[in-house]
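Student: As they're listed, the protein sequences go chains A and B. Under this note's numbering, residues 242 to 355 are what the first sequence spells out, in order. Under this note's numbering, residues 8 to 119 are what the second sequence spells out, in order.
Bear in mind the hints are in silico, worked out from the structure with no lab data behind them. Since this is a predicted model, take the numbers as computed values, not measurements. Beta carbons: idealized from backbone N, C-alpha and C, even for Gly. Where hints are given, some of them may not hold.
Claimed, not checked - Residues on chain B that point at chain A, a partial pick, calculated with CB under 7 Å:
hint : residue
1    : Phe40
2    : Ala49
3    : Phe109
What the hints assert, rightly or not - Output of the computed footprint for chain B on chain A, the stretches with three or more beta carbons under 8 Å from beta carbons of chain B:
hint : region
4    : 277-283
5    : 342-355
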Amino acid sequence: DVKVTQSSRYLVKRTGEKVFLECVQDMDHENMFWYRQDPGLGLRLIYFSYDVKMKEKGDIPEGYSVSREKKERFSLILESASTNQTSMYLCASSRTNRGDQPQHFGDGTRLSIL
Amino acid sequence: GQNIDQPTEMTATEGAIVQINCTYQTSGFNGLFWYQQHAGEAPTFLSYNVLDGLEEKGRFSSFLSRSKGYSYLLLKELQMKDSASYLCAVRDQFTNAGKSTFGDGTTLTVKP
Numbered sequence: 242d243v244k245v246t247q248s249s250r251y252l253v254k255r256t257g258e259k260v261f262l263e264c265v266q267d268m269d270h271e272n273m274f275w276y277r278q279d280p281g282l283g284l285r286l287i288y289f290s291y292d293v294k295m296k297e298k299g300d301i302p303e304g305y306s307v308s309r310e311k312k313e314r315f316s317l318i319l320e321s322a323s324t325n326q327t328s329m330y331l332c333a334s335s336r337t338n339r340g341d342q343p344q345h346f347g348d349g350t351r352l353s354i355l
Numbered sequence: 008g009q010n011i012d013q014p015t016e017m018t019a020t021e022g023a024i025v026q027i028n029c030t031y032q033t034s035g036f037n038g039l040f041w042y043q044q045h046a047g048e049a050p051t052f053l054s055y056n057v058l059d060g061l062e063e064k065g066r067f068s069s070f071l072s073r074s075k076g077y078s079y080l081l082l083k084e085l086q087m088k089d090s091a092s093y094l095c096a097v098r099d100q101f102t103n104a105g106k107s108t109f110g111d112g113t114t115l116t117v118k119p
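Work out the full structure: start from the sequences and follow the hints.
Tutor: See the structure below:
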């Protein structure tokens with residue numbers, strides 16, 4: 242089974258802090274994704290990556306950056322956390338761009354910015 | 008871009024059948040996924056359709072009509088554990104990385 246592991250289930254940080262969310266997958270997937278999930282707004286894509294050191298903006302990249310130095314690890318960075326970034330963050334991975342490959346999700350990090 | 012619509016909430020009775028609809032308007036299409044997400048948990052993959060027609064997997068089936076921009080997920084013999092959110096996601100034809108756009112999800116409540 243594919244395992245996508247997010248470093249924290251719950252995280253509390255303060256406004257202005259630099260926050261790192263880590264995600265590791267163990268199935269040698271090429272593609273990795275970061276989403277945030279908010280009530281009534283569904284899953285929104287922040288950034289994704291299709292290879293090491295490659296990254297592309299999703300629908301809501303403002304205030305975020307990412308890093309993919311190794312194939313198995315994809316980090317989301319909040320450069321200067323703000324209260325409107327309080328949310329559930331979900332990481333996902335998938336195999337190459339064959340159409341039938343689903344995304345596999347981690348358990349999520351519930352981030353609170355005070 | 009993609010626009011995906013699903014009902015926000017549905018309620019059904021244990022043992023019954025429920026159909027969750029999804030309509031989409033897209034600039035390109037390369038498949039439609041259904042995911043299940045229990046409260047507080049990660050979404051998990053249920054089904055994939057890329058050609059028109061019905062795909063059956065046990066109690067769950069998924070249907071696609073590309074010309075109508077329409078899909079549904081059919082759940083038979085409902086069980087209490089089927090209470091969850093169901094997410095429809097459309098894969099963009101012109102994307103690297105299998106990027107998909109997700110609908111807001113349909114919260115299904117199964118009652119005894």
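Student: The structure should be examined with respect to each hint, and the outcome stated for every one.
Tutor: Going through the hints against the structure:
| no. | hint | verdict |
| --- | --- | --- |
| 1 | Phe40 | holds, 6 Å |
| 2 | Ala49 | holds, 4 Å |
| 3 | Phe109 | holds, 4 Å |
| 4 | 277-283 | holds (count 3) |
| 5 | 342-355 | holds (count 8) |
No hint from the list above goes unmet by this structure.
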